[in-house]
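Starting from the known structure of chain A, fit chain B onto it as the hints suggest.
If you want the building blocks of each chain, they are given just below.
2 protein chains.
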Amino acid sequence: MIAAAPNELLVDEYELAMADSYLAEGKDSLPVAFELFARDLPPHRGYLVAAGLERAVEVLTELRFCDESLAYLERARNCSPELLERLATVEFTGRLDAGPAGTVVHAREPILRVEGDLLTCQLAETLLLNQVNFQTLIATKASRIVTAANGRPVVDFGFRRAHGADAGLLAARAAYIGGCVATATVAAGYLYGVPTTGTMAHSYILSFPTDVEAFVAFLQHHPDRSTLLIDTHDPLAGARAAIAASRETGIVPQAVRIDSGDLVELTCEVREVLDVGGLGETQIVCSGDLDEYRIADLLAAGAAIDGFGVGTALTTSNDAPALGGVYKLVEAGGRAVMKARGPKSNLPGRHQVFRGVEDDTIGLVDEDLPGRPLLEPVLEAGRRTGEAAPIEEVRERAAAELAALPERVRALRDPATLPPRLSPRLRALEEELR
Amino acid sequence: MIAAAPNELLVDEYELAMADSYLAEGKDSLPVAFELFARDLPPHRGYLVAAGLERAVEVLTELRFCDESLAYLERARNCSPELLERLATVEFTGRLDAGPAGTVVHAREPILRVEGDLLTCQLAETLLLNQVNFQTLIATKASRIVTAANGRPVVDFGFRRAHGADAGLLAARAAYIGGCVATATVAAGYLYGVPTTGTMAHSYILSFPTDVEAFVAFLQHHPDRSTLLIDTHDPLAGARAAIAASRETGIVPQAVRIDSGDLVELTCEVREVLDVGGLGETQIVCSGDLDEYRIADLLAAGAAIDGFGVGTALTTSNDAPALGGVYKLVEAGGRAVMKARGPKSNLPGRHQVFRGVEDDTIGLVDEDLPGRPLLEPVLEAGRRTGEAAPIEEVRERAAAELAALPERVRALRDPATLPPRLSPRLRALEEELR
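Chains as they are written, first to last, in my numbering: chain A, 3 to 436; chain B, 3 to 436.
One chain only, chain A, in its complex shape (with noise of 0.2 Å):
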């Protein structure tokens, strides 16, 4: 259900362009360095998750032009003869560095840098920046509703308006990382190792003559796992349903779902249903288009919620549904290089990042700053300089970065950031360039 691509071809056009002049004019294996950061934060965002790290590693070790490859790009004229004899050759030999997944990062600060040959480091733009772009977008995301629920648990929902099966299973990945606590999403259990769970559809009630019926048949057949979805007549007769089933099941269902209607106003009716009815265990998880300035306002109105299913929001990140990261060229020649003009200038050279108790500082790679270096060697000489961290330890380092943040910075609306300031050489160098 996924399109086979061979991930070199996985690059834009212009790209092949660029690498035939590059290699006419003797300047494709010029040493360079690009680095990948987000100019600007996205709306709403006072920092970002950076998530995507394994897939960047393996794009860059993976990077070989296979035979069918070359032969469809001859096929489709898009490069020459010696173009083509060149890719045949392609391998990242070079060198990665980057801050652990799960780190925050901040506008401008670099997510990874790349140094290698200018041909094959032109090569893995597109890729690096759609898998990096998308899983940071994702885990920021993520991470807002999370702090939105405050505690309560939140599992992803929204593989089916995701963009296309792979988007769902890198959301379920990225969701986790920015704290949720499971998926529905089967795949991504089975791929990743995130924990997956599942309620029932209104389609199930519908199979069955009565809620009671439909609620009687889920107990029995899942007596340790029960959600009962109760709104697809009305949630109130759905709450009383739950209870009756109960009774005759002698099971007590962990939860019911309300996926539609005023949920302030239902769920404390519910709550009080359930409590009436013996079912005060039974707790009330709701779903339905839900975002983190809908939940932070569920809260605030005092709504009975102990969970929540979130699905487009979180998948799409709707509110800003994509990172504007870039992939610059700071060094070529052992020269530092900067697009010089307006707002999508970018700074000059090689960068660190030290993060300070209260803000990071940009340096050059030499300088020797105050506080904790964001970046370290990934791959050096094109190989792993360690083994990818697992995914429940890139979980824990952002739960833990996160929690560091200041309070004004997490905020949902309009947060604060914290912009990073650059080192008096790292100024000097880009008042020289300019």
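Source of the hints: derived by calculation from the structure; they are not laboratory data. Quick caveat: nothing in here was measured; it's all calculated off a predicted structure. Some hints could be false.
Treat identical chains as interchangeable: a pair holds within one or across any two.
To be verified - Straight-line distance between alpha carbons at most 25 Å, and here's what the computed SDA-like set of lysine to any residue pairs gives: (1) Lys-346 / Leu-431; (2) Lys-346 / Ala-306; (3) Lys-29 / Pro-155; (4) Lys-346 / Asp-308; (5) Lys-29 / Thr-363.
Positioned in the frame of chain A, the structure of chain B alone reads:
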């Protein structure tokens, strides 16, 4: 680079939980019908361009549980032993009806209808929604951007901001269906035959000492297809550099590209510089955070633009990043069913859409009403009734259907919609079940 999950695990866990109960209750083989439709159109959409049908066919025809998937489900304890045994025999032997890909559809109109046994049809829910929602979303967004460009070519530049690699590929394909002329994503040419095109990045310019040297090299190596990026340092100086490079090489650049700045003023100035410098044939293409609204505004303000590259907005449908399509049980055991409560109710029974000259009518499948019936059999007894339409045919159908829409429905902001009528028999059935 794309997650290799077996399709049969691309399900929400609740589908397995429901399947367990269906099986235990002896309802797994109950004949049912589900319909996939959008209850409402996303903001600012007056219509949808249906896409993703080919993938929907694959979802159904390829649905099997391989040994590895069954072993995972056993380990994960998602299913009873009885269900595992039943899943091993799952195969879609039912019927699929759909409008042809590229068809314009309206709110509440079924994009497809699936008929078969309850267990199998329920298992297909998540992946069908995932595929059809996204591709329809992007084909629709593309058609809006193409409308705004008013005859000027639009190229997809969005892979780097897409939600993973598969999303970028599907978006390139859907964008072409929606009217874009090409994509920058090479693999979309390889996989789907979408025309590809490319220019150069700022990093290309920065790897040369001057714009002129960068342009001379590019023109020499790409004499037939050269779009020169002129805004790395300054667009007017860049335009003069293009003229100088053209004089030096004797090659006329096909186009120049501007990716930043005040595009109304800059394009008019650049046009004048090019015309005076003898490059009257050289086109001006623009990119950089464009969408349908901005394109319409630029053209209305008199910008001298001959073509557009659109990235983020196109690939993520940024102003409406999800289509809320749903998959609802409409018939079970020969009995029409509906979720009765509130705004999430659906039309009961199996439907046909009759396309009239002014608007559509939704009736029951056995009605014979005026207008062209949209849904046609695509699978019967689990097998294709014919060949999949080539992408060019789908693209032409979309163009013809869009051209037939009233202009007020194609408006970019607050468009009119064409809500379908309901046949008297359908209205009576709805009333009866309510």
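Hints, verified against the model:
no.: 1; hint: Lys-346 / Leu-431; verdict: within (17 Å within a copy, 59 Å between copies)
no.: 2; hint: Lys-346 / Ala-306; verdict: between (47 Å within a copy, 22 Å between copies)
no.: 3; hint: Lys-29 / Pro-155; verdict: neither (53 Å within a copy, 33 Å between copies)
no.: 4; hint: Lys-346 / Asp-308; verdict: between (45 Å within a copy, 23 Å between copies)
no.: 5; hint: Lys-29 / Thr-363; verdict: neither (33 Å within a copy, 63 Å between copies)
Checked against the numbered hints above, the structure violates hints 3, 5; every other hint is satisfied.
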